[in-house]
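J.: Next come the chains, spelled out residue by residue.
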Amino acid sequence: GESVGLHLPTLSVQEGDNSIINCAYSNSASDYFIWYKQESGKGPQFIIDIRSNMDKRQGQRVTVLLNKTVKHLSLQIAATQPGDSAVYFCAETSGSARQLTFGSGTQLTVLP
Amino acid sequence: KAGVTQTPRYLIKTRGQQVTLSCSPISGHRSVSWYQQTPGQGLQFLFEYFSETQRNKGNFPGRFSGRQFSNSRSEMNVSTLELGDSALYLCASISGTDTQYFGPGTRLTVL
Chain G
1 GESVGLHLPT LSVQEGDNSI INCAYSNSAS DYFIWYKQES GKGPQFIIDI RSNMDKRQGQ
61 RVTVLLNKTV KHLSLQIAAT QPGDSAVYFC AETSGSARQL TFGSGTQLTV LP
Chain D
1 KAGVTQTPRY LIKTRGQQVT LSCSPISGHR SVSWYQQTPG QGLQFLFEYF SETQRNKGNF
61 PGRFSGRQFS NSRSEMNVST LELGDSALYL CASISGTDTQ YFGPGTRLTV L
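So the protein lines, in turn, are chains G and D. Position 43 (the first sequence) corresponds to 43 in my numbering; numbering is contiguous. Position 104 (the second sequence) corresponds to 104 in my numbering; numbering is contiguous.
Don't take every hint at face value.
Below, in silico cross-link-like pairs of lysine-lysine (DSSO-like), each with a Cα-Cα straight-line distance of 27 Å or less [stated by the list, open to error]:
(1) D/Lys-57 to G/Lys-42
(2) G/Lys-42 to D/Lys-13
(3) D/Lys-13 to D/Lys-57
Hints listed in this document are in silico derivations from the structure and should not be mistaken for laboratory results. This structure is a prediction, so every number in the text was calculated from the model and none was measured.
Next comes chain D alone, as it looks inside the complex (with noise of 0.2 Å):
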């Protein structure tokens, strides 16, 4: 089975841009779940998508979207783009059983 894939692997954008991360999770996953990983706050959980559905989100402003079409690929776009809004995003394929396999992130730099 083909893994996490996630695009672009790297980004580097402006302050104030938007930019928009793709993820396709493993053949046969329906949900999908996002993560931010910085230096300074470790890993921490954005949102969860199943089937389409928004299922859970994590503590991050509303500047953080996300949303999941009907083949289980989820998106997740960022507007008004902040210095610190730079970091590794990954995403996360979830199975059945609620194992969650990651993908390699997208590095995103904001200069």
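Bound-form chain G, shown alone (with noise of 0.2 Å):
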């Protein structure tokens, strides 16, 4: 997505519930996306990442989804957890450019 960062979105579930994350991104030219999970005071944490050759990669509780029709991508989260209380960034880079452009974030907060 565009680091314009000054708005952070706010999602809030049930602690069992399934969580989306969502993230539009803009650069058509981009290949290569990944999801981060920051939490107060440390630095962003990976969690997945995905190729523009694929639609759809799943790791342990989370799938990551790209649509590139519409330059989107998503984070599901199953059975969240307190533990996953944090903010998430979405990041994009195309070619060889090792150079991360993050989305604005979305705190994710899981209620007891």
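Since each chain comes alone in its own frame, lean on the hints to assemble the complex.
T.: Here it is as structure tokens:
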């Protein structure tokens, strides 16, 4: 997504429910996408990545979906737990560049 | 494997001073990148180094500079500090498949 970084969307979910975090990106040339989780006072933690030749990739309790037609990326977290509460960022890059462009982030809060 | 190490973790400086931040990447990784994170601008790319060469630079003034050593450790320097330079500075260690793993960051406060 574009790194506008001014407004942090929020998402609140009940513990045990599934979470879906969305991200729109603007560069149609982007071919590598990463989701990061950032807890307060820590650096971003790698969650899962996907390349543009794929539509879906699954990890442990997480799934990333990529829709290149509408330039949209989503992160699904199954059976959300209190430890999942954090800010989630999508990031993109293109070609051989290793310059990540970050979205503004989504604050996920897991309710007991 | 040990993760990415950044030192110091916290730093307080005054306007006009300069500062040097250090980053040790994951063993075996030869490339590092630096990012600045602020509440207003989010995460912004500063520069990337591979085998001691700067390969890419973000849109920051020349007061921001960096270097990488033969052991892949990297430093970034900010001269003539301004209040707006207060931020979390993050270093990422880049794997051979281009995945970037971040360190805990250095929190810089400029007074």
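J.: Could you run down the list of hints and mark each one as holding or not?
T.: Hint by hint, here is what the structure shows:
1. D/Lys-57 to G/Lys-42: holds (24 Å)
2. G/Lys-42 to D/Lys-13: At roughly 21 Å apart (the allowed maximum being 27 Å), D/Lys-13 and G/Lys-42 satisfy the hint.
3. D/Lys-13 to D/Lys-57: holds (25 Å)
The structure agrees with every numbered hint stated previously.
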